[in-house]
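Protein chains in written order, with the numbering used here: chain A, 1 to 380; chain B, 1 to 445; chain C, 1 to 342.
Please keep in mind that the hints were generated in silico from the structure rather than gathered at the bench. All values reported here derive from a predicted model rather than from experimental measurement. Among these hints, one or two may not hold up.
As the list claims (entries may be wrong) - Straight line, CA to CA, 20 Å or less: simulated EDC-like cross-link-like pairs of lysine to aspartate or glutamate:
1. B:377 with B:305
2. B:403 with B:387
3. B:411 with C:64
4. C:127 with C:233
5. B:281 with C:2
6. C:166 with B:379
7. C:166 with B:305
8. B:411 with C:170
9. C:54 with B:427
10. B:326 with B:379
11. B:403 with B:287
12. B:281 with C:170
13. B:192 with B:387
14. B:377 with B:387
15. C:149 with A:304
16. B:405 with B:287
Below are the chains, spelled out letter by letter.
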Amino acid sequence: MRTLTLSRNDLILLAGYTLVVLGGPIIMAPLGAGYPDLLQKFVIFGIFAVGFNILFGLTGYLSFGHAAFLGIGSYTAVWSFKLLTMNPLPAIVLATLLGGLFAAVIGYICLRRTGIYFSILTLAFAQMSYNLAYSVLTPITNGETGLQLVQSDPRILDAAAGRDYGAVLPSSDLFGIPMNGYPGFYFCGVVSIVCFYLAIRIFRSPFGLMLRAIKSNQNRLNYTGLNTQPYALAAFVVSGMYAGLAGGLLAVVDPLAGAERMQWTASGEVVLMTILGGAGTLLGPVIGAGVIKYFENIFSAFNEGILMAAFDFLPEPIQHLMVNVTSLFVGEGWHLTLGALFMVIVIFLPGGLMEGFNRLSALVAGIVRGRRDGASARGA
Amino acid sequence: MSKRKIGRRDMLKTTAVVGAGFAAPMVFVPRAYAYTNEPKGATVTLGFNVPQTGAYADEGADELRAYELAAEHINGEGDGGMLNTFSSKALKGNGINGKQVIYVTGDTQTKADAARASAKRMIEKDGAVMITGGSSSSTAIAVQGLCQEAGVIFMAGLTHSNDTTGKDKRANGFRHFFNTEMSGAALGPVLKNAFGSDRVAYHLTADYTWGWSQEGSIKKYTEQLGWQTYETVRTPLGAGDFSQYITPVLTSGADVLVLNHYGRDMVNSLTQAVQFGLRDKQVNGKDFAIVVPLYSRLMAQGAGENVKGIFGSTNWHWSLQDEGSKAFVRSFGQKYGFPPSQAAHTCYCQAILYADACERAGTFRPSVVGPALEGFKFDGLGNGPTEYRASDHQCFKDVLVVKGKEAPTSKFDVLEVVEVTPRAQVEYPAEMLGGELGPYNDGTA
Amino acid sequence: MDAILLQILNGLDKGGAYALIALGLTITFGTLGVVNFAHGALFMLGAFCAVSVKALLSLEQVTEDATQLTAWGTPLEVRVPYVESWFGDFGTVLLDYSVPVSILVAIPVMLLIGVVMERGLIRFFYKRPHADQILVTFGLAIVLQEIVKGAFGANPIPQPAPDVAKGMIDFGVAVGMDAGNVVYPMWRLVYFLFSVAVIAGVFAFLQFTTFGMVVRAGMADRETVGLLGIDVDRRFTIVFGIAAMVAGLAGLMYTPILSPDYHMGMDFLVLSFVVVVVGGMGSLPGAVAAGFLLGILQSFASMNEVKSILPGIDQIIIYLIAVIILLVRPRGLMGRKGVMEH
Numbered sequence: 001m002r003t004l005t006l007s008r009n010d011l012i013l014l015a016g017y018t019l020v021v022l023g024g025p026i027i028m029a030p031l032g033a034g035y036p037d038l039l040q041k042f043v044i045f046g047i048f049a050v051g052f053n054i055l056f057g058l059t060g061y062l063s064f065g066h067a068a069f070l071g072i073g074s075y076t077a078v079w080s081f082k083l084l085t086m087n088p089l090p091a092i093v094l095a096t097l098l099g100g101l102f103a104a105v106i107g108y109i110c111l112r113r114t115g116i117y118f119s120i121l122t123l124a125f126a127q128m129s130y131n132l133a134y135s136v137l138t139p140i141t142n143g144e145t146g147l148q149l150v151q152s153d154p155r156i157l158d159a160a161a162g163r164d165y166g167a168v169l170p171s172s173d174l175f176g177i178p179m180n181g182y183p184g185f186y187f188c189g190v191v192s193i194v195c196f197y198l199a200i201r202i203f204r205s206p207f208g209l210m211l212r213a214i215k216s217n218q219n220r221l222n223y224t225g226l227n228t229q230p231y232a233l234a235a236f237v238v239s240g241m242y243a244g245l246a247g248g249l250l251a252v253v254d255p256l257a258g259a260e261r262m263q264w265t266a267s268g269e270v271v272l273m274t275i276l277g278g279a280g281t282l283l284g285p286v287i288g289a290g291v292i293k294y295f296e297n298i299f300s301a302f303n304e305g306i307l308m309a310a311f312d313f314l315p316e317p318i319q320h321l322m323v324n325v326t327s328l329f330v331g332e333g334w335h336l337t338l339g340a341l342f343m344v345i346v347i348f349l350p351g352g353l354m355e356g357f358n359r360l361s362a363l364v365a366g367i368v369r370g371r372r373d374g375a376s377a378r379g380a
Numbered sequence: 001m002s003k004r005k006i007g008r009r010d011m012l013k014t015t016a017v018v019g020a021g022f023a024a025p026m027v028f029v030p031r032a033y034a035y036t037n038e039p040k041g042a043t044v045t046l047g048f049n050v051p052q053t054g055a056y057a058d059e060g061a062d063e064l065r066a067y068e069l070a071a072e073h074i075n076g077e078g079d080g081g082m083l084n085t086f087s088s089k090a091l092k093g094n095g096i097n098g099k100q101v102i103y104v105t106g107d108t109q110t111k112a113d114a115a116r117a118s119a120k121r122m123i124e125k126d127g128a129v130m131i132t133g134g135s136s137s138s139t140a141i142a143v144q145g146l147c148q149e150a151g152v153i154f155m156a157g158l159t160h161s162n163d164t165t166g167k168d169k170r171a172n173g174f175r176h177f178f179n180t181e182m183s184g185a186a187l188g189p190v191l192k193n194a195f196g197s198d199r200v201a202y203h204l205t206a207d208y209t210w211g212w213s214q215e216g217s218i219k220k221y222t223e224q225l226g227w228q229t230y231e232t233v234r235t236p237l238g239a240g241d242f243s244q245y246i247t248p249v250l251t252s253g254a255d256v257l258v259l260n261h262y263g264r265d266m267v268n269s270l271t272q273a274v275q276f277g278l279r280d281k282q283v284n285g286k287d288f289a290i291v292v293p294l295y296s297r298l299m300a301q302g303a304g305e306n307v308k309g310i311f312g313s314t315n316w317h318w319s320l321q322d323e324g325s326k327a328f329v330r331s332f333g334q335k336y337g338f339p340p341s342q343a344a345h346t347c348y349c350q351a352i353l354y355a356d357a358c359e360r361a362g363t364f365r366p367s368v369v370g371p372a373l374e375g376f377k378f379d380g381l382g383n384g385p386t387e388y389r390a391s392d393h394q395c396f397k398d399v400l401v402v403k404g405k406e407a408p409t410s411k412f413d414v415l416e417v418v419e420v421t422p423r424a425q426v427e428y429p430a431e432m433l434g435g436e437l438g439p440y441n442d443g444t445a
Numbered sequence: 001m002d003a004i005l006l007q008i009l010n011g012l013d014k015g016g017a018y019a020l021i022a023l024g025l026t027i028t029f030g031t032l033g034v035v036n037f038a039h040g041a042l043f044m045l046g047a048f049c050a051v052s053v054k055a056l057l058s059l060e061q062v063t064e065d066a067t068q069l070t071a072w073g074t075p076l077e078v079r080v081p082y083v084e085s086w087f088g089d090f091g092t093v094l095l096d097y098s099v100p101v102s103i104l105v106a107i108p109v110m111l112l113i114g115v116v117m118e119r120g121l122i123r124f125f126y127k128r129p130h131a132d133q134i135l136v137t138f139g140l141a142i143v144l145q146e147i148v149k150g151a152f153g154a155n156p157i158p159q160p161a162p163d164v165a166k167g168m169i170d171f172g173v174a175v176g177m178d179a180g181n182v183v184y185p186m187w188r189l190v191y192f193l194f195s196v197a198v199i200a201g202v203f204a205f206l207q208f209t210t211f212g213m214v215v216r217a218g219m220a221d222r223e224t225v226g227l228l229g230i231d232v233d234r235r236f237t238i239v240f241g242i243a244a245m246v247a248g249l250a251g252l253m254y255t256p257i258l259s260p261d262y263h264m265g266m267d268f269l270v271l272s273f274v275v276v277v278v279g280g281m282g283s284l285p286g287a288v289a290a291g292f293l294l295g296i297l298q299s300f301a302s303m304n305e306v307k308s309i310l311p312g313i314d315q316i317i318i319y320l321i322a323v324i325i326l327l328v329r330p331r332g333l334m335g336r337k338g339v340m341e342h
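Could you build the full structure based on these sequences and the hints that come with them?
Dropping the structure here:
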């Protein structure tokens, strides 16, 4: 049973994570993010980033091609819907396995090099996947339009079970529970909690320790006669499986897979998520993913009308001034805010957002302790 | 310090219980809507989903301007624009069905995933009852599919691929813009008049579905006229430098170059083809010709003087002299200080057409609004008499064949209309492009 | 034969562009060790130096002609460029040569941008992990892009080459073939020669000047050079400025080939990293060699004869070659041992 236990702190972490995920619709509502699609994106990209962090945060291998596994997961899941059944379970299992399989092949080749050479190799593989998916592999990927479901798909398992979706386009469902909207979010949320739990286990295991050792000094490990490659490859495959799973979940809540999911910008996004939140920390990547998705979906939606309403309480000339100034940073200017945020965070918080939280909690703890000390001093 | 230990089984059990507890109030309380996002108050929310970042950001900004203008006009503000020339007089200038129009905006980033995420936000969070906009076929098709699933109407923005109302058509989706089939049918005869029927064409085609669609249509119609197709070469999207694809054209013996590119690809490939002297070249004793089947005036400005004399087609152009176009250009120009693009025009029309259909239907329910658009015949929106065909939700109207202007008078004046191809000439049977509309979806209550 | 000769020319021209783009990056990234994701943005800023100069030169005197109306009913504006009204014919010539003329502006501007960037931001990141460098430079790239977008819009802005360089050069005649078979655009040759000149200049500077010697020593062993009492930091600042200048000039001269827009830097970012790494970290000759190699191979992969055997090869050739080279040669073509291998 020892392997299934967690330390007290990790238990609190997991419980907190569970609580935030399951209470997401309520917690996120005041931020304007309490709607299914964005909540789904939070947890799915959270899984993607947590998996990426197992490779990058622990071993220090910076992959610039993880979006390829995300895309492969999505394509696999949609094909599973088309050929087998609309049930999401086979879809995500297959997506995870195929993500892992591709990661094993690509990882085996790329891990022959280290440092920047490794990064460029992964980038090259991902870009080749993207370019081919967009053009030559169109029969499999449906190219630019993206792979979609059609009424006439065979769905052999559904057909065998006698399920007929009639004239409407089917959507995925888990034994009758539809996988869009909030049920879809909870499905992804539960999967993400399992993934988070597994990530904690990996971080705390001897395997995790070995991965950290690779990061701190691979040469020394090699000199001791230890072959680090199998460990690094295992980490690569695990993170590839996380990416495949995330890609599969994207298709579960929204059965469409497009090639752009594999582009280098998508690979770069998960790198940014991880670094922004704090590489090597458990919670950081999830927070980073949330922040970036929040900006993309909420900040881009502020238009002049909304700003006018927001500054309604001000006298008219000031209102117009405020609207003009803020509109540079929201709506079509959301990229600018995101870029500035990256800079500010990395300049002032070298360890990412988690560093900020740790400092903040240390500060609070300090104040509390100080007060307590003060109180006990007075009491004495 | 004692370690508390729990097993996986306990953990899952707790999770499930907590999950169910939270899920219950959200999921199982039925929403009191007769259809997705039925407007209950004094307002109705429309979703304007346009590219605000990426290569088509300027086109998206122009679309947004048009939507703002349309919302004003529907609400009875401003000078009314094309509502004054529109043949249907159902809209009274008091919003739609007595409800004032408000709107939400989002960024498609010209990526299918981002466009769907943005549209989902509008539907799930902001309560939009209709989604419109976009500047590429992949986002149009992706968002159209989403709107079908969600049970709202989708009024496509700029999307030119046949698939939008062909292979991938959906009952809840409608397109005002034309497609590659119509471009081919309209361009063919004009090209024959300009260049004769004994020509050899070399195609450079953006390697994705729209490019193939465009290439197929042009090939089909020019070959009917007696042209030969020397070669069709696929180029990667966003190649930037096309020189390695252009040099083979020089020695091929072909005398027409067809650039099935749009946006930045078009600007770059055209600029570079002219650099390689193709516009001034003589082959087989004939003047070499370049054709750009789909023109965008906004983008053509990026190619500068290289567009001079180059033929193409477009959905609408601000220099048209019918009453509808004039009213729209006046209204738009006075508000923003420059003329609208074809993207702005099609988006404005789509917003007006949707509002009018809802008004005539007396509801926003997709399964009632849709049929009000099906077979709807109208005029006064700048393209002459137009019909929303019932069988594929595609508008049929005259197509403009244009040419890069030799002596532009301003930076907006880059194209001149060569011919207005009548609608009858560009019509095709709906079955030709395949696909299935399926039934309307009002969304699950 | 003609076709192959043309593709070789093409590859040289493309390779010159790749080499020049990679050269600036290999200075900051391969030698100073900064993972500079803002390199593409510097390339873009250089291109917009040309745009700005042209915009300044074509600033127009606007008078409203009330007797004529635009299509939307406002008085027609009559525009006359100031340079033409002030300088007459010379103004017209200046406008025609706006791209080469803007080099004079771009050199100090890009140097300044580079120096400010290094002093204000990058120097705090030499010792930070690569991950932090990526995040901060990527953020900077986005910010620079958005500023340019705010000022110039998102659409490409045409920058024609001077009239004399718009024509074609007949190569076939030079090698004794029939006229008109192997012709190539003049501006592309100008770009090729320009890239060769800049590359040669940078090499000469680092190879033959005392400054260059110190810089090279500093790159090899920064601490020891510092212990000798030489201010390495100041020299690195200037080197960064030079890198920014090279990137900017690469972008500037490219504008007649590719109408610049705010996003162009991102499109070249990945490519420039691939070229630098294939060339080998820390090696300037490697980056140049890799640039030409990839340019020529890409041109050949795009030939119809090749594509008919291997469909889609032109889409992936660069990456495929990168994979092959990095697997065969662990540090790229000419990489130095121990640079960015961890």
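Of the hints stated earlier, which fail here? 1, 2, 6, 8, 9 and 13
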